[in-house]
Amino acid sequence: MDGGGASLYFKQKEIANGKYPSLYQGSGKSKEVALVLHGSNMKLPKEIEKSLESSHSSTYNKGHRVSLSLNMDIPARMRIGTLNSRSRKFHVTWT
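Start counting the sequence shown at 1; every next residue gets the next number (the UniProt record's numbering).
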């Protein structure tokens, strides 16, 4: 089954996107997934630039944190015994 998509948002504006990889995961198992996101052509908002600058300095200030949202559309197919279900797409959001 083909992978899905993932998008990273700041204040409801997409700043990066990428593909969710295809994978097989057995029942009762967990799997770590590497997600590569590519930035859009827009200039990063000032809040994000400040956060990146302060995270590299020795005087890191908690006041420069930013909130991001990660949205993923993940196709899935479940197997129950020898039966395969139709594929379904899950939409997951983290903030």
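Treat the hints as calculated values from the structure; they're not laboratory data.
None of these values were measured; they are calculated from a predicted model.
Note that the Cβ used here is the ideal one computed from N, Cα and C, for glycine as well.
Fair warning: there could be bad hints in the mix.
For lysine-lysine, the following BS3-like pairs were computed, each having C-alpha atoms within a straight-line distance of at most 30 Å [as the list claims (entries may be wrong)]:
#1 Lys29 with Lys50
#2 Lys50 with Lys89
#3 Lys50 with Lys31
#4 Lys19 with Lys89
#5 Lys13 with Lys89
#6 Lys11 with Lys43
#7 Lys29 with Lys19
#8 Lys46 with Lys19
#9 Lys89 with Lys29
#10 Lys46 with Lys11
#11 Lys43 with Lys13
#12 Lys46 with Lys89
#13 Lys50 with Lys11
#14 Lys11 with Lys89
#15 Lys19 with Lys31
#16 Lys50 with Lys13
Derived Cβ-Cβ restraints for the label pairs, each shown as a range [said to hold, decoys possible]:
#17 Leu83 with Leu52: 42 to 52 Å
#18 Arg88 with Gly28: 39 to 49 Å
#19 Arg77 with Pro45: 34 to 44 Å
#20 Glu47 with Ala76: 31 to 41 Å
#21 Phe90 with Arg65: 40 to 50 Å
#22 Ile80 with Lys13: 33 to 43 Å
#23 Trp94 with Lys50: 14 to 24 Å
#24 Arg65 with Arg88: 43 to 53 Å
#25 Lys43 with Met78: 35 to 45 Å
#26 Glu47 with Ile80: 45 to 55 Å
#27 Thr82 with Ser40: 11 to 21 Å
#28 Ser30 with Arg65: 27 to 37 Å
Hints and how they fare:
no.	hint	result
1	Lys29 with Lys50	violated, 39 Å
2	Lys50 with Lys89	violated, 36 Å
3	Lys50 with Lys31	violated, 34 Å
4	Lys19 with Lys89	holds, 14 Å
5	Lys13 with Lys89	holds, 23 Å
6	Lys11 with Lys43	holds, 14 Å
7	Lys29 with Lys19	holds, 22 Å
8	Lys46 with Lys19	holds, 27 Å
9	Lys89 with Lys29	holds, 20 Å
10	Lys46 with Lys11	holds, 12 Å
11	Lys43 with Lys13	holds, 12 Å
12	Lys46 with Lys89	violated, 35 Å
13	Lys50 with Lys11	holds, 16 Å
14	Lys11 with Lys89	holds, 25 Å
15	Lys19 with Lys31	holds, 17 Å
16	Lys50 with Lys13	holds, 18 Å
17	Leu83 with Leu52: 42 to 52 Å	holds, 49 Å
18	Arg88 with Gly28: 39 to 49 Å	violated, 19 Å
19	Arg77 with Pro45: 34 to 44 Å	holds, 38 Å
20	Glu47 with Ala76: 31 to 41 Å	holds, 35 Å
21	Phe90 with Arg65: 40 to 50 Å	violated, 28 Å
22	Ile80 with Lys13: 33 to 43 Å	holds, 41 Å
23	Trp94 with Lys50: 14 to 24 Å	holds, 22 Å
24	Arg65 with Arg88: 43 to 53 Å	violated, 35 Å
25	Lys43 with Met78: 35 to 45 Å	holds, 42 Å
26	Glu47 with Ile80: 45 to 55 Å	holds, 46 Å
27	Thr82 with Ser40: 11 to 21 Å	violated, 44 Å
28	Ser30 with Arg65: 27 to 37 Å	holds, 28 Å
The structure is inconsistent with the numbered hints 1, 2, 3, 12, 18, 21, 24 and 27, although it conforms to all the rest.
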